[in-house]
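Colleague: What follows is the residue order along each chain.
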Amino acid sequence: MPFAWKAAGITYNRYLTVAARAVRRSLKDDKRLVAERRGETDLRFTKWTNGKQGEPRSVVEANQAAMVEAAGGGQSA
Amino acid sequence: MNSLRVARAALRARPSAIRAPLQRRGYAEAVSDKIKLSLSLPHQAIFKSADVVQVNIPAESGEMGVLANHVPSIEQLKPGLVEVIEEGGSSKQFFLSGGFAIVQPNSVLSINAVEGYSLEDFSADNVRAQISEAQKVANGNGSEQDIAEAKIELEVLESLQAVLK
Numbered sequence: 001m002p003f004a005w006k007a008a009g010i011t012y013n014r015y016l017t018v019a020a021r022a023v024r025r026s027l028k029d030d031k032r033l034v035a036e037r038r039g040e041t042d043l044r045f046t047k048w049t050n051g052k053q054g055e056p057r058s059v060v061e062a063n064q065a066a067m068v069e070a071a072g073g074g075q076s077a
Numbered sequence: 001m002n003s004l005r006v007a008r009a010a011l012r013a014r015p016s017a018i019r020a021p022l023q024r025r026g027y028a029e030a031v032s033d034k035i036k037l038s039l040s041l042p043h044q045a046i047f048k049s050a051d052v053v054q055v056n057i058p059a060e061s062g063e064m065g066v067l068a069n070h071v072p073s074i075e076q077l078k079p080g081l082v083e084v085i086e087e088g089g090s091s092k093q094f095f096l097s098g099g100f101a102i103v104q105p106n107s108v109l110s111i112n113a114v115e116g117y118s119l120e121d122f123s124a125d126n127v128r129a130q131i132s133e134a135q136k137v138a139n140g141n142g143s144e145q146d147i148a149e150a151k152i153e154l155e156v157l158e159s160l161q162a163v164l165k
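Protein sequences appear in the order of chains L and P.
The first sequence begins at 1 in my numbering and counts up by one.
The second sequence begins at 1 in my numbering and counts up by one.
It is possible that part of the hints are untrue.
Stated by the list, open to error - Derived, one-sided and incomplete: chain L residues facing chain P with beta-carbon distance under 7 Å:
{"hint": "1", "residue": "ALA8"}
{"hint": "2", "residue": "LEU16"}
{"hint": "3", "residue": "ALA19"}
{"hint": "4", "residue": "ALA20"}
{"hint": "5", "residue": "ALA22"}
{"hint": "6", "residue": "ARG25"}
{"hint": "7", "residue": "LYS28"}
{"hint": "8", "residue": "PHE45"}
{"hint": "9", "residue": "VAL59"}
{"hint": "10", "residue": "MET67"}
{"hint": "11", "residue": "ALA71"}
Stated by the list, open to error - Distance ranges between label pairs, derived from CB positions:
{"hint": "12", "chain 1": "L", "residue 1": "VAL68", "chain 2": "P", "residue 2": "SER49", "range": "39 to 49 Å"}
{"hint": "13", "chain 1": "P", "residue 1": "VAL108", "chain 2": "L", "residue 2": "THR49", "range": "40 to 50 Å"}
{"hint": "14", "chain 1": "P", "residue 1": "HIS43", "chain 2": "L", "residue 2": "ALA7", "range": "29 to 39 Å"}
Treat the hints as calculated values from the structure; they're not laboratory data.
Cβ coordinates follow ideal geometry from the N, Cα and C atoms, glycine included.
Please put together the full structure from these sequences, using the hints given.
Modeller: Right, dumping it as structure tokens:
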């Protein structure tokens, strides 16, 4: 496996997000404050089953849960 | 008889062979030795199809320099320094957070990244503070994902610290 983070279930998308966040936080303070707002994500979704609305969930939290699951699956496989 | 025909064929063939270079027309002398660079971030285009001489990129497969007429290829970029050498020999350096470089045919190079800034926009103090923080998380006993993310941050920050010096 060429990338260690893949073993922890981290997706390439998440990898880019984390790397970009580190770059933004490294900027000088004036630029940093402007740039850091680009890293914020606030997106929610709900799943509809049999015509009924499910519980709204945050995409970020759902992705975290999916990564933990992917890591566990990767280890047992 | 047969040899005569061959000789005549050769005679006939020669004038056209001589004429061929004279008939050549086109822009061959004007072929550009520049590469068209587009360096784009989601929120900004740093270069928009600009003519440059050479671009050095930190690909996952190793550092590489891209000149005009490079073989088409797609390269994943490490978080690192992209150097653009412009006409006249001046060069610009940008630290990119990672993305893709696509060398297209006809000397076109597209680089996509999430974040990219000139070196003078970075604060060495902020980098140092983040490194010690990320090291704490990486060596702590958080979740597997937290540790992996801290290691990604360390990769970015150490690369950044190395070029800031």
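Colleague: It remains to establish, for every hint, whether it holds in the given structure.
Modeller: Now the hints, each set against the structure:
For L/ALA8, the interface hint holds, since its Cβ comes within 7 Å of a Cβ in chain P; the closest pair sits about 4 Å apart. Annotation: L/LEU16 was flagged as interfacial toward chain P, and the flag holds, the nearest CB pair being 5 Å apart, inside 7 Å. Annotation: interface hint on L/ALA19 holds; nearest CB of chain P at approximately 4 Å, less than 7 Å. Taking 7 Å as the C-beta cut-off, the interface hint given for L/ALA20 holds, the closest approach to chain P being about 4 Å.
Checking L/ALA22 against chain P: minimum C-beta separation of about 4 Å stays under 7 Å; hint holds. For L/ARG25, the interface hint holds, since its Cβ comes within 7 Å of a Cβ in chain P; the closest pair sits about 6 Å apart. With a least beta-carbon distance of about 5 Å to chain P, the hint placing L/LYS28 at the interface is held under the 7 Å criterion. Violation of the interface hint for L/PHE45 is found here, the shortest Cβ-Cβ separation to chain P being roughly 21 Å, above the 7 Å cut-off.
The interface hint given for L/VAL59 is broken, as the beta carbon of that residue sits about 16 Å from the closest beta carbon of chain P, more than 7 Å. Annotation: interface hint on L/MET67 holds; nearest CB of chain P at approximately 6 Å, less than 7 Å. About 6 Å separates the beta-carbon of L/ALA71 from the nearest beta-carbon of chain P, less than 7 Å, and the hint is met. The given range of 39 to 49 Å is respected by L/VAL68 and P/SER49, whose C-beta atoms sit roughly 43 Å from each other.
Remark: the range hint 40 to 50 Å for P/VAL108 to L/THR49 is upheld by a beta-carbon distance near 48 Å. Distance hint check for P/HIS43 and L/ALA7: the Cβ-Cβ separation is about 32 Å, which falls inside the suggested range of 29 to 39 Å.
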